[in-house]
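There are 2 protein chains.
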Amino acid sequence: MSVTAPLGFRAAGVAAGLKNGGDRDLALVVNDGPSRAAAGVFTRNRVKAAPVLWSQQVLRGGRVRAVVLNSGGANACTGAPGFQDTHATAEQAAEVLDDSAAEIAVCSTGLIGERLPMDRLLPAIGTAAAELSRDGGLAAADAIRTTDTVAKISFRRAQEAGYTIGGMAKGAGMLAPSLATMLCVLTTDADLDAETLDRALRSAVAVTFDRLDTDGCISTNDTVLLLASGAAGVTPDEAEFTALLTEVCADLTRQLLVDAEGATKAITIEVVGAASVSDAVTVGRAIARNNLLKCAIHGEDPNWGRVLGAVGATDAVFEPDQVNVAINGVWVCRNGAVGDDRDKVDLRPRDVTITVDLSAGPESATVWTTDLTAEYVHENSAYST
Amino acid sequence: MSVTAPLGFRAAGVAAGLKNGGDRDLALVVNDGPSRAAAGVFTRNRVKAAPVLWSQQVLRGGRVRAVVLNSGGANACTGAPGFQDTHATAEQAAEVLDDSAAEIAVCSTGLIGERLPMDRLLPAIGTAAAELSRDGGLAAADAIRTTDTVAKISFRRAQEAGYTIGGMAKGAGMLAPSLATMLCVLTTDADLDAETLDRALRSAVAVTFDRLDTDGCISTNDTVLLLASGAAGVTPDEAEFTALLTEVCADLTRQLLVDAEGATKAITIEVVGAASVSDAVTVGRAIARNNLLKCAIHGEDPNWGRVLGAVGATDAVFEPDQVNVAINGVWVCRNGAVGDDRDKVDLRPRDVTITVDLSAGPESATVWTTDLTAEYVHENSAYST
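Protein chains in written order, with the numbering used here: chain A, 145 to 529; chain B, 145 to 529.
Honestly, the hints are just simulated from the structure, not real lab data.
Predicted model only: the values in this text are computed from it and were never measured.
Please note: incorrect hints may appear among the correct ones.
[As the list claims (entries may be wrong)] Derived Cβ-Cβ restraints for the label pairs, each shown as a range: (1) B:Trp475 <-> A:Thr271: 34 to 42 Å; (2) A:Val421 <-> B:Arg204: 47 to 55 Å; (3) A:Val421 <-> B:Asp495: 42 to 50 Å; (4) A:Gly223 <-> B:Ala383: 41 to 49 Å; (5) B:Arg478 <-> A:Thr271: 18 to 26 Å; (6) A:Val421 <-> B:Pro261: 49 to 57 Å; (7) B:Asp465 <-> A:Ala387: 40 to 48 Å.
Backbone N, C-alpha and C define an ideal beta-carbon position, used for all residues, glycine too.
Chain A extracted, bound-state conformation (with noise of 0.2 Å):
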């Protein structure tokens, strides 16, 4: 169902010959209003892709007609003329669509520092347009992976209320706290303004993406949009549509973690006790960013004195006499040493939950990573060959 879930949009996704092999590259996400209403939140990142660039213009408008994703390149680094190419590829969407260009978001993703092939692109966008539908959601989400393994889409619908969120997102490595590498749109029939939409955004955003942390690597090319039809009608209450569309991004995120380049385990990081929220996300990912403890992990050793190494090299509130910590649910750290018997811990699952207590506070937050695995290696020391 993907991005097509909610009444008002239609999407394709096509073969435009930018990745070798003939797989899908081009996706083309269309809404049909009667709203275009739009938010969008963009990667933190200083070297920022053309199409972020571009993308953040158009967003600062308010309104959104389409969005034109490509996999096969990033068009990141590509000085004046990459700008001149997405530049081209919105114009040649609003060309199609009989449209404004400048409410066309473009996004790219794949390698950074070459430009994209645009005599392939270009006549892509026609032929994507010619396919768009009200099925086109996954063909849309199977266009932009790159080293994903699998399509990553979601929807939820408030049945009381009447409305729908759906969502597409790509994404297998470089997630870090400012998105990295990852693509996503999400749409819905509910009719809310910019504004509305953007708090929503950033909100669900905060506590679902951006505490996804791979590898510390942040994209020149993260993009999350929000795009709003109003094709149902209704006007939903702001912050119960905010609790669904934080349902929505925590699925993909769920998606993404998943599904990260080479990673063997779904690490969750809990960190609790924090003297503040900050705090708590500090030192989660401090430890979601330490090689060696993910390491550890992979090698299914509940190696807790690298949690407490990543711990004691942050800023946070905490006395180190008084961290406790818990590896799938033994504490094998109490008050900053020894703890109960580390053999009790069970790490064959996929899932990994690691618990820091700081004891110095109320405060809490939740970290994803991922184990580091020679897998990780091989895919990022191969990737443009």
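Given the structure of chain A, go ahead and fit chain B onto it with the hints provided.
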């Protein structure tokens, strides 16, 4: 020659049975004076091992008679009993040497979260004392190895001024801004007071060990000690001494770099054109910690986009469209976009140099790191088993 190159020092390395396999695992370095001025720098990790807490106290007095070092166990996260173990180690060395425990520094390295087998460690101190000799520097360097494949030793002689600086180090993983699981003992027969030694040591470490960042993980045990015997009877110019000390530290840093766990590349990151040294170091570290780039270098792929992605995640002063990047001398990125042909980059040699020109000022800094390999993952998955 190691720590016994300067006059006034004896050392020994023996097998206490802390490690499996009967290898040397306990080192003793003794300063026979006439001076025993000393300085030390320690991990910035807030979770500090017992020997770090102990040795910080000792160094506050500015005098060290001897250093006991063990591999086979970090004595970190071992609570009050672990601190008592360190204290007992110092007391035992003091008894054997007929000296004060308050002037015995202790260093440990190995697994976190396990008590040391004191029944084996304590008697070995007497064994080591009996073996102390002017030739013992290499045995001592051998005894502090963990996953180090070779002992790391260095010395430099100030021919005209008539003094010598020697040193030994260990550390093959967890090398990070705060020195990371590295232990290092530096010795000199120059006659300098503790304050001068402290300034010289901090200055030397800041541009050597502290710029080596193999995996961003900060150890609980890092310790670098500098002991002066004064036996050469000369008090050198501070600037000249600092320069020579920096040479010894740079030599040891290089040895740590090329022996880092699982690494196949020794990567030098030169950041030039920075607005400040701090900016240059920040950018260098961000690149050194970018797993994706480290995988690319492992795959001999001159993926400069990942360099820019790492730079863009920092808050250093720069404009994305003014950054230049060279890999092994080929300027593959100019003004933030495609530069010279990346096929000209030869990444087959072990030594790789990445040069980043921020075009933002006159300052520069060098940071060293390694590639990320399947062997790194393997070593760190299996370490404790």
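Hint says 42 to 50 Å; check whether the CB-CB distance for Val421 (chain A) and Asp495 (chain B) agrees.
Once the Cβ atoms are compared, 44 Å apart, the range 42 to 50 Å for Asp495 (chain B) and Val421 (chain A) holds.
Please test the hint of 18 to 26 Å on the beta carbon pair from Arg478 (chain B) and Thr271 (chain A).
violated, 36 Å
Lying within 40 to 48 Å: is that true of the beta-carbon distance Asp465 (chain B) to Ala387 (chain A)?
holds, 41 Å
Evaluate the given range 34 to 42 Å for the C-beta pair formed by Trp475 (chain B) and Thr271 (chain A).
Roughly 39 Å apart at Cβ, these two residues keep to the hinted range, so it holds.
Go ahead and decide if the range 49 to 57 Å is satisfied by the Cβ distance of Val421 (chain A) to Pro261 (chain B).
violated, 43 Å
Lying within 47 to 55 Å: is that true of the beta-carbon distance Val421 (chain A) to Arg204 (chain B)?
violated, 37 Å
If you check the beta carbons of Gly223 (chain A) and Ala383 (chain B), does the distance land in 41 to 49 Å?
Distance hint for Gly223 (chain A), Ala383 (chain B) holds at roughly 46 Å.
The structure fails hints 2, 5 and 6 (numbered hints given earlier, in ascending order).
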